[in-house]
Structure formats: C-alpha cells, structure tokens
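Undergrad: Sequence:
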Amino acid sequence: MENKTMTSHVDTCFDCAKACEECATACLESGDVDSRGHDMTACIKLCRDCADICTLCGRLTARGSDFMKSFMQVCAEACEACAAECEKHADHFAHCKACAEACRKCAEECRQMAA
2 MENKTMTSHV DTCFDCAKAC EECATACLES GDVDSRGHDM TACIKLCRDC ADICTLCGRL
62 TARGSDFMKS FMQVCAEACE ACAAECEKHA DHFAHCKACA EACRKCAEEC RQMAA
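Just so we're aligned, residue 2 is where the sequence shown starts under my numbering, counting upward by one.
Because the hints were derived from the structure by calculation, they are not lab data.
Warning: the hint list may mix true and false statements.
Dumping the calculated DSS-like pairs for lysine-lysine here, alpha-carbon to alpha-carbon at most 30 Å [stated by the list, open to error]: (1) K5 <-> K98; (2) K89 <-> K5; (3) K46 <-> K89; (4) K70 <-> K19; (5) K19 <-> K98.
What follows is a list of derived Cβ distance ranges for each label pair [to be verified]: (6) D53 <-> E102: 33 to 43 Å; (7) K70 <-> D50: 18 to 28 Å; (8) S66 <-> K5: 28 to 38 Å; (9) S31 <-> K5: 13 to 23 Å; (10) V75 <-> D16: 32 to 42 Å; (11) E102 <-> Q74: 30 to 40 Å; (12) G32 <-> R112: 14 to 24 Å; (13) D40 <-> S66: 29 to 39 Å; (14) D40 <-> K5: 18 to 28 Å; (15) N4 <-> H39: 12 to 22 Å.
All residues carry an ideal CB built from backbone N, CA and C; glycine is no exception.
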C-alpha cells in the first residue's frame, strides 16, 4: 500500500474515533435519554467500542502491522454497527449524525483497503 493512502486511512480511523468519543460523551451528558425518551445506552456502548477499535486500527495501519488488513474487517463491522445505531438518533442529535457519517466513511475505507 502507498504511504499516502495509509496515512489517509490512519487519519480516517482517528477522525472516526474522535467522532465516536464526542458522541458518547454528548449522550452521557444528556442523561442517557434522548429528547423522545429513548434510551441511549446502546449508542453509548457502540460509540465507545467503535472508538477503541478505530484507534487500534489506525495504530496498526500506521505501523504497517501484519494484522492490519484482518483488523480492518473488524473495524468496518464495528463502524457499521455504530453508524446504524447513531442514525436512529441523527434527526435530533447533531453529534449522532456526525458520528454516523464518520463511521460510514471509515467502514467504507476499511473494506476497500482490506480487499
């Protein structure tokens, strides 16, 4: 893989992790319940898991690890699950919308790079 492509992917992973952390924090600060009274626990859990997975994927990619392609598959799955959950709340929470968008982008890149 080209170094420029790898660097771009590392940035995408870390951007996604940041969006997930911001989303989880905002959900926690809202009292774990959205404006419609929906429990945000699943959103928070998925965001936290996704942030950790994206961070590790970015680190493995940055070092050119032999495990990075396998881990990109896991990262894509986590990002897709997180995006699906955040999209449920995206109409009334900007942080959920931003997280879903970052997760979709990261999942797409991971799948392309792992192929």
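Undergrad: A separate judgement is required for each hint: does it hold in the structure or not?
TA: Results for each hint:
1. K5 <-> K98: OK: K5 and K98 at ~28 Å, within 30 Å.
2. K89 <-> K5: Roughly 34 Å between the alpha carbons, so the hint for K89 and K5 is violated.
3. K46 <-> K89: Holds, at roughly 15 Å.
4. K70 <-> K19: holds, 22 Å
5. K19 <-> K98: holds, 13 Å
6. D53 <-> E102: 33 to 43 Å: violated, 19 Å
7. K70 <-> D50: 18 to 28 Å: holds, 20 Å
8. S66 <-> K5: 28 to 38 Å: violated, 18 Å
9. S31 <-> K5: 13 to 23 Å: 39 Å Cβ-Cβ, so the 13 to 23 Å window is violated.
10. V75 <-> D16: 32 to 42 Å: violated, 18 Å
11. E102 <-> Q74: 30 to 40 Å: violated, 21 Å
12. G32 <-> R112: 14 to 24 Å: This hint is violated: roughly 35 Å between Cβ atoms.
13. D40 <-> S66: 29 to 39 Å: With a Cβ separation near 37 Å, D40 and S66 satisfy 29 to 39 Å, so the hint holds.
14. D40 <-> K5: 18 to 28 Å: violated, 42 Å
15. N4 <-> H39: 12 to 22 Å: violated, 44 Å
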